[in-house]
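There are 2 protein chains.
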Amino acid sequence: MSREVSIVENVLRVNDELAGMIRQTIDSAGIFCVNLIGAPGCGKTALLEKTLRDLSGEMKLAVMVGDLTTARDANRMSPWCDQVVQINTGKGCHLEANHVHQALARMDLAKVKILFIENVGNLICPVGFDLGQDVKVGMFSVTEGDDKPAKHPYIVAESGAMILNKIDLLPYVPFKIDVFREDVRRLNQRAPLMELSVTSGVGFDAWLNWLREGSRNKAAR
Amino acid sequence: MSREVSIVENVLRVNDELAGMIRQTIDSAGIFCVNLIGAPGCGKTALLEKTLRDLSGEMKLAVMVGDLTTARDANRMSPWCDQVVQINTGKGCHLEANHVHQALARMDLAKVKILFIENVGNLICPVGFDLGQDVKVGMFSVTEGDDKPAKHPYIVAESGAMILNKIDLLPYVPFKIDVFREDVRRLNQRAPLMELSVTSGVGFDAWLNWLREGSRNKAAR
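Residue numbers (the working numbering), protein chains in the order written: chain Y, 14 to 234; chain W, 14 to 234.
Note that these hints are calculated values from the structure, not bench results. Treat the hints with care, as some may be off.
Which copy is meant is left open, so a pair is good if it fits within one copy or across any two.
Restricting the straight-line Cα-Cα distance to at most 20 Å, the calculated cross-link-like pairs of lysine to aspartate or glutamate (EDC-like) are [claimed, not checked]: (1) LYS189 / GLU62; (2) LYS63 / GLU226; (3) LYS124 / ASP147; (4) LYS104 / ASP196; (5) LYS231 / ASP143.
A quick note: this is a predicted structure, and the numbers were derived from the prediction, not measured.
Next up, chain Y with everything else stripped away, as it sits in the complex:
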């Protein structure tokens, strides 16, 4: 048993060392780095597609996207961004700093202002792995149900900002938004919660402005 524990600790220690190196790299380049974490189908790729479309005229962006298999997400985003790297994890349920470190080596970071890391679709395992990001963004969608923050408290507690997507579908699904908001606030008093719909565009400006502010603050450091 103690042997198992020490190996888990060792994996996390190696991960954290690499994450520290990534953080140095992106800090010295003045890049704002977002680690986007959410369940399969919450709309991570759609959010990033629209974000790239809306912001790419304004600043240079880059994306890493993790999936077990396929390059579908990278293919969806590449029309809007010339630096999209797909990471396939095989049966791996989360990205590790090692993946990001390797993908960084394939990128030209000069002039990049924001780097998005779209994690593997999973609300649990990605939370524990530091990728050297500035901020973890936890993403939910109304079709998942209002109970998800309470049932997945670690992503809520760890998030520097949160997104509730698909609010255009509120009329069609049972979802008590007060329950959702209260559970989020109980677990995390600081992080802004942005309620939006990628499809309809409602609420999307708050997300774009949050990104602009993050990028400005990073450049000013």
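Keeping the supplied structure of chain Y fixed, place chain W upon it in accordance with the hints.
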């Protein structure tokens, strides 16, 4: 490195041994055991609530439900079933045979015809852990997007039956059902795919009939 691999193999070997013991227990009791796997919010608990409501007058049922934390799912199901055991995994991203083995000890299996195991909401990690079930059922929902089978091929390949939930929301979301069906068929030629809506009830009879047949076949063995 080889030490890490051998420990992973050891964890799976211990799991498989326990799963074998569980299988003997449920086989000798003539119980049909379903391991339900899907992303957070695909509707696993809602499916089981309605299943318990519709079938409990006909046969005795039991449920184990895995979540990181809270007893919300067990509380939702207990009005319809007197044997519901909530398993909290802490930060654990899947159920293991050890969890099921312990929960079984708290159940009275006499006369139970179907045992449902609702796995932790996660499309990845639960797939690799045998729980001694008769069949793994992979569950998707239309709001997750039509690309999920291709992006999560292991759950599709491992499933003995599959569910596509929330088809009542098809008019409101971009979802190409032909793409979904073709990806499923490419990965798994045998398993039935049941397209239904737990909320509206459409297609639900096919699921109930599949359960009745599974239970009959098990009892006849």
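I'd like to know which numbered hints this structure contradicts. Please list them from smallest to largest.
none
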